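Line order of the protein sequences matches chains A and B. According to my numbering, the residues represented by the first sequence are 1 to 409, in order. According to my numbering, the residues represented by the second sequence are 1 to 148, in order.
What the hints contain is simulated information worked out from the structure, not anything from laboratory work. Treat the hints loosely; a few may be bogus.
[To be verified] As a list, the in silico DMTMM-like pairs of lysine to aspartate or glutamate whose alpha-carbon atoms are at most 25 Å apart:
no., chain 1, residue 1, chain 2, residue 2
1, A, K362, A, D390
2, A, K242, B, E101
3, B, K34, A, E157
4, A, K71, A, E37
5, B, K121, A, E37
6, B, K121, A, E76
In this text the structure is predicted, and so the values were computed from the model without any measurement.
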Amino acid sequence: MPEKRVVLKHCEVIDPRDLSTYLDREGFKALEKAQKEMTPEKVIEEVKASGLKGRGGAGFLCGRKWEFARKAQEHEKFLICNADEGEMGTFKDRYIMQHDPFTLMEGMAIAGYATGARKAYIYLRAEYRFLLDLLRNAIQQVREEGLLESLDIQIREGAGSYVCGEESALMNSIEGRRGEARYRPPYPPSKGLWQKPTIINNVETLMNIPQIILNGAQWFGDMGTEESKGTKVFSVSGDVEKPGVYEMMMGSHLKELMDLAGAKRVKVVQIGGASGNIVPETMIDTPLSYETVLGSGAVTVFDNGRDVIDIVYRDMAFLAEESCGKCAPCREGTEAMVEILARLSKGEGYQEDIGALEDLAKVMMLSSLCGLGQVAPIPVLDTLKYFREDYENRVSQSLFLRSVRGITR
Amino acid sequence: MEKNEQHVSATARERESLLAVLEDEQMKSGFVSKEFISAAAESFGLPLSEVYGVATFYSFITTKPLGRNVIRICKSLPCFLKNAGVIIRTVENELGIKPGETTPDKRFSFELTNCIGACDKAPAMLVNDDVHGDLTPSRISEVLRSYV
């Protein structure tokens, strides 16, 4: 399945600073159709029927989220566009907002109409402050055109925190608190921002909405696999000739993406950022979908010259630094893993280290409060599965080096 | 102290604006001082610890003064793979400071940061709000020269 531009249809086609270039290409026709020809319930039905799932990584059915929020018995509801793209190796939302802020506005306007939210926030990470002007300008133009009458969109700036991309931490941050995860349930569609029903969608998820409304659920559902409909925008980086953003049909094989990006002598590919799955070269035919591997669509490529344990060590160092610290399994677990992986990568490991990593992984996955800690051990477990020898060799080397130095333990 | 109180009270006092107030102060003064934190706590009617907790949670808000320009070099894997280490050493040599330090003339602060979403242009760094990608040692001095 080849490259296909659905989400990125207007990127590098329209002028992101000029709404008229978007209006000339069916811009805001989907909103018009939704408002004039469809009830909010019908819009939700359509999105549900399309099978669109969240593109931020967790993959919850978008229409279901909307339906929960729609049915919540509260007058005040909020919509949040998650533009806190902090996942390591992910830059697709940056590219999207840079080149087509208008489709995003239209998607948000439709989401507001469908769910009954009248106030919306775009939570933009501090690292993307250079996009502020462009986004503000886009909101202004759409508003002046009279296309945002029922939705008030505001931009909220993050202040440098990876975990704020996690929905409950993000809501705490908008409320002016530390960006720590919350206990769930309740989930945001029933009690979210200020305990009001809240829909949180990733930038890319919202980008899909206008075309689903215009072309119908059937059209969208015809693309992709059983559980993964539509396309996915991938951010490819690392050891490739052409790093960048690639949109492909769901279910496309990793190999195709590697060929497009010009990857040579691949050793492993990490999919989904710092806590993403590690796919060895022998499995390069793996399809990219929710059923297999996907996450946020970050695809980091490592060639033959790279050391697997070093990669995992650096993943874990990232996660340990970004753990919000609220729950012990994540806060202490990531730190303990960093310590072990650091000594393994330096050739100073112990016999017990592999077992300790596996024990820690179990506890963290079972008992962490949010996604950060729950998925943090994935790269460790994947590499233990596919590259166990590397770990065992490193332990043997460590023991040997120690015996040479005359250290008994 | 008086000035700080004025600034805080001039802004909406609802809890939700706390982070924005701290961010504004960071932009304006280059850091959030102890005095500002206590003034903000008073103005928002929050415990000091609460405001301090928010101020110190986020990496773009600092409680010690930063220089006029802040360099943040990405140290995450995609940039590491593209030799971010060389870029880090080049900046260290150009400025004579290590990560976490500020030049004596207060022109630059230098920090390492996690992924800034510029992996397609790795190695990359932020100087203030500007992204500079595809860095090479020879480009560093050119980039640094443009910030006074």
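Status of each hint after checking the structure:
Annotation: proposed proximity of K362/A to D390/A holds, straight-line Cα distance about 21 Å (limit 25 Å). Restraint check for K242/A and E101/B: not satisfied, since their Cα atoms lie roughly 35 Å apart, outside the 25 Å limit. Between K34/B and E157/A, the direct Cα distance comes to roughly 23 Å. Compliance with the 25 Å bound is thereby established for this hinted pair. With a C-alpha separation of about 21 Å, the suggested pairing of K71/A with E37/A holds against the 25 Å cut-off.
In summary, the hint linking K121/B to E37/A is not supported, as the alpha carbons are separated by about 44 Å, beyond the 25 Å threshold. Annotation: proposed proximity of K121/B to E76/A is violated, straight-line Cα distance about 42 Å (limit 25 Å).
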